[in-house]
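All chains, please: the whole structure from these sequences, using the hints.
Protein chains in written order, with the working numbering: chain A, 77 to 505; chain B, 744 to 1009; chain C, 2 to 95.
No wet-lab data here; the hints were simulated from the structure. Since the structure is predicted, the reported quantities are computational estimates derived from the model, not experimental observations. Ideal Cβ placement from N, Cα and C applies to all residues, glycine included. Fair warning: there could be bad hints in the mix.
Stated by the list, open to error - Here are the in silico distance ranges between beta carbons for each label pair: (1) A:L385 / B:E795: 53 to 59 Å; (2) A:K337 / B:T994: 43 to 49 Å; (3) B:G835 / A:G441: 55 to 61 Å; (4) B:D867 / A:I80: 57 to 63 Å; (5) B:P991 / A:P145: 29 to 35 Å; (6) A:F477 / C:V58: 56 to 62 Å.
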Amino acid sequence: MAEIPNKFDVIVIGAGPAGSASAYYLATKGFKVLMLERGRSPGSKNVFGGRVYVAPLREIFSDFEKTAPIHRWVTRERMSFMYGNELVSLDYEGNDHKSFTTYLSQLVAWMALKAETAGVSIVNDITVTGLLKEGNKVIGIKSGNESVKADVVIDAEGVNRLVLESAGTVPPLKPSNVALGVKEVVKVNPEVLANEFGLGDGEGMAWSLMGDVTSGLPGGGFIYTNKDSVSIGLVMLLDNAISGANDEVYRYVERLKAHPKLNKYFKDSRIMEYSAHLIPEDVWSLRPPKLAYDGLLIAGDAAGFLLNLGYTYRGVDFAAYSGYLAGKAIEQAHELGGMSAINLAAYPKLLDQSFIMKNLKRFNGTNKLMHNRRLFTAYPAMMVSLMKRIYSLDYESQKIFNTVLASAKENGVGPFTLISDGIEVIRYL
Amino acid sequence: MGLNIILLFKYVPNTNTVNVDPNTGTLVREGVPSVVNPHDLDAAELALELREKYGGKITAMIMAPPNAMKGIEFLMGMGVDEGVLITDRAYGGADTLATSYVLAAGIRTIEHYDLIITGQETLDSSTAHIGAQLASWLKLPYVYYVTEASLNDGTLIVKRQLESYTEKYRVKLPALITVLMHSHQPRPVTLENKLRAVIKKPIKMLTNNDLKLNIMCTGLRGSPTVVAKTEFIAKIPRKKEILKDKSPQETAAWLLSKLKEEGFLN
Amino acid sequence: MSAAEQRLEDILNNDIWDVDPNPHITVDSEKCKNCNTKPCIRLCPAGCYTMSEKTLVFSYEGCVECGTCRVVCPLEAIHWEFPKSGRGIYFRFS
Chain A
77 MAEIPNKFDV IVIGAGPAGS ASAYYLATKG FKVLMLERGR SPGSKNVFGG RVYVAPLREI
137 FSDFEKTAPI HRWVTRERMS FMYGNELVSL DYEGNDHKSF TTYLSQLVAW MALKAETAGV
197 SIVNDITVTG LLKEGNKVIG IKSGNESVKA DVVIDAEGVN RLVLESAGTV PPLKPSNVAL
257 GVKEVVKVNP EVLANEFGLG DGEGMAWSLM GDVTSGLPGG GFIYTNKDSV SIGLVMLLDN
317 AISGANDEVY RYVERLKAHP KLNKYFKDSR IMEYSAHLIP EDVWSLRPPK LAYDGLLIAG
377 DAAGFLLNLG YTYRGVDFAA YSGYLAGKAI EQAHELGGMS AINLAAYPKL LDQSFIMKNL
437 KRFNGTNKLM HNRRLFTAYP AMMVSLMKRI YSLDYESQKI FNTVLASAKE NGVGPFTLIS
497 DGIEVIRYL
Chain B
744 MGLNIILLFK YVPNTNTVNV DPNTGTLVRE GVPSVVNPHD LDAAELALEL REKYGGKITA
804 MIMAPPNAMK GIEFLMGMGV DEGVLITDRA YGGADTLATS YVLAAGIRTI EHYDLIITGQ
864 ETLDSSTAHI GAQLASWLKL PYVYYVTEAS LNDGTLIVKR QLESYTEKYR VKLPALITVL
924 MHSHQPRPVT LENKLRAVIK KPIKMLTNND LKLNIMCTGL RGSPTVVAKT EFIAKIPRKK
984 EILKDKSPQE TAAWLLSKLK EEGFLN
Chain C
2 MSAAEQRLED ILNNDIWDVD PNPHITVDSE KCKNCNTKPC IRLCPAGCYT MSEKTLVFSY
62 EGCVECGTCR VVCPLEAIHW EFPKSGRGIY FRFS
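If you want it as C-alpha cells, here you go:
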C-alpha cells in the first residue's frame, strides 16, 4: 500500500489538551501533522476537575470564547473547611471572566476539531506503544508491531506514561508522584443552580473543600457548576491513600454528596458519569530528565505540568500551553535546519520564560505543604471550632485571639506549631 | 478473481448501558456515542477471513446520517477496503422495510458483487429483518445464523448454527448471509489500515440524487411500522444471599430450599 | 432520588464502555499471593479488585482507565495497559 504516506513532519501522541494544541499550531504553520489517539474520539479518555483558566487558551485559539464549549464563567469562588457536620466557608464573588467550567471531553473534542480543520490527520482507535528510534534519535512511533515515521514526535500521552516508560525515558510512576482524583458529574435541577448555588445565567462556582472530606488524608474535595450539572469529587495523594484510606475510594464522593450541609445541592440529582484519573502531584520528581531530545518533545501531564495549590488546580491550560510552545519550538528548529535536541532546546527555554515554569517554580514546595497532615485535619477542625466559639453564643462573647489559641489547643496544635505551619503556608502559597 | 463482498452494517448507540432517568422514566440518550453494531463485527471478521483466503474486495455499506462515516473508518481500520455511505434527509426515520428498500438500490449501483454479508441483527432494535428483506428485493439465496463459510467450485458452502444442530448448505453466488452473533472474534484495527481510511478516504457518498427513489417509499413516509406503545419495566431489585463454608450437600439443600421458597420449584 | 449513598455498580452503570474482548489487565497471582496489604482493593475507583475467599479476583470490564492499580501495587503484580481499538471507557461529561 505504497500510496499511504508513511512519513510525517510531526507525530503527536495523544489528542488531549497538549496534543491538540500543538497539532493545531503546527498545522496552521504548514506542517504535515499526524495525531494518534487511543480513544474512539478525542476527549473520550480525558478527565479533569472542572475548571479551566482561559487566558492561555485564548492565546492559542484566537476565536476561543466565540465557539468553545464554555459552560459557565466562574464568578464565585468558595473555600470550605469541614469538620464533622459543620463547615466554615470563605466566599468570593467577582465579575471577571478568568476561568470557566466545562466538560473536558467536550473541550478536547472542540480543540481536536480545530486541529483537524487546520489540516491535522487524526487517527483514533490507535494506541501508541513505543518510540521508533535510530540510535538515540526518535524517528517515529510504534503501535504494536507497526510503525510510522516523522521528523519529530511530541509525546502528549498523559500522566500514565506507558510510551516514555517503555522507551526508558522516565522511570515507572511511584505513588508519591501522583494523586488520585475521583469524580461524579451529576445532573441537577436548574432551580438548584439558581437558588442553592445562587448563580445567574452563565455564572459558575468553583468550590474547594478541605478537612473531613477525605477523612483527614491529604487532599480535598471540589465542586464545580456546569451548564445543567455539577461536578463533585475529591483528590487524595496516592502515597497517603495507600496507608490511610480505610474505605473504597468511591465512597468518599458519595459521602460528600450526602453531607448534611451539602446534600441540598444534590437533591433529586442523577449521576451522569463517574470517572477517575491520576494527577501529577510532585511535579519536580515527575519531570523527565529532559523535555527535548533528538526528535522528541514531551508536553502536558506526561511532562508533569500541573499546578496544585490546594484551593485550585491548573492542568488543562498548562498542558495546552506546553503543547503550543512545543509547536513553536518545532517551528524554530525547522528554521534552524532540523529536529536535533540542540535545535529543539528552544522548548525548555520557552517554557522557562512562560507562566508554566514561573508558576511551578514560584510554588515549588506546595507538594511538601500538601503532605502536612494538619492542614487537612487539625486546621479545618480548628476553623470550625473557632467560628463556633465566635458565633455560636448563648450569653458571653469571646475575644478572637484567645479563641484562636483555645481552638488550636482543642485540636492538639500548640502555639509553636501554629506559627511554624502559618509561616510554611505563607511561604509556599 | 476473488470475492467481491458487500458488508452491510448499522451504526448504533452504544447501549451496553441503558439508563433510565429515575425522575422521568425516559431513556437517557444524552451524549451516548455510536459504535458499529457489534453483531456486524462478526460479519466483518468473517468477510475479512474470506478475503484473506480467496482474495477480492470488501465494501462496507450503510444507510445513515453522515456521522456514520466514523463507523466506515473503524471497519476500514479492521481491513475493509472501501465504503459507501447512503445518506439523505428523505431516508430518515426509516423502519426495516424502508431501509432495505434503499439498501437494495445502493447495492444495485455496485457493478459486480458475489456475496452480501451482515450481522444477525442489530443491538438497538434486534428485528433481524434486513437480511431477509434484502434477499427478497434482490432475489438472492439467503442463509441466516451462519458460523462458517468457504468457497467450493465457485459456490459457497456455509454452516449455520441452530439451537441444537448445525446445517450445511451449498449456495449459488451471488448470495446473502447473516452471521451468528458472537461466532467470531473481531480483529483489532491496525495503524496502517486506519491511516489509509483517514488519509485516502475511499468512501463514496450516495444521496437520493444518485438513487432516484420514490421518496414516498423511503424514510418515515415509507415505513409502515408503527410503535403502538412502549412500556417502562421497573428494575427488579436483586436478592443476594451468600452461603459460605458449607459442604456441597448442605449447599445443595440450601439452594433447593431457597428456590422452592421463591416459587421456582415445587 | 435522594442523596443517599449509592452502590458502586449503580454508579458505574452510568458510564459507557466498548469492552475489549482481550483483557487489558493481567494479575500475576503468584506475586499477588505474597501481598498482605492489597491496596488495589480499596483504591481502584471502579472496584475492579475484590477478594473471594482468600484470593484476589479482578475484572477489567468496568475499568475507568486511571492507572491507579498499576502504581499502588507494591509487588508489581499488576500488568496494566490501555485497551486496543478505541475500546474501553468512553467519557462524555468528565
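Which earlier hints turn out false for this structure, listed by number in ascending order?
Violated hints: 4 and 5; rest satisfied.
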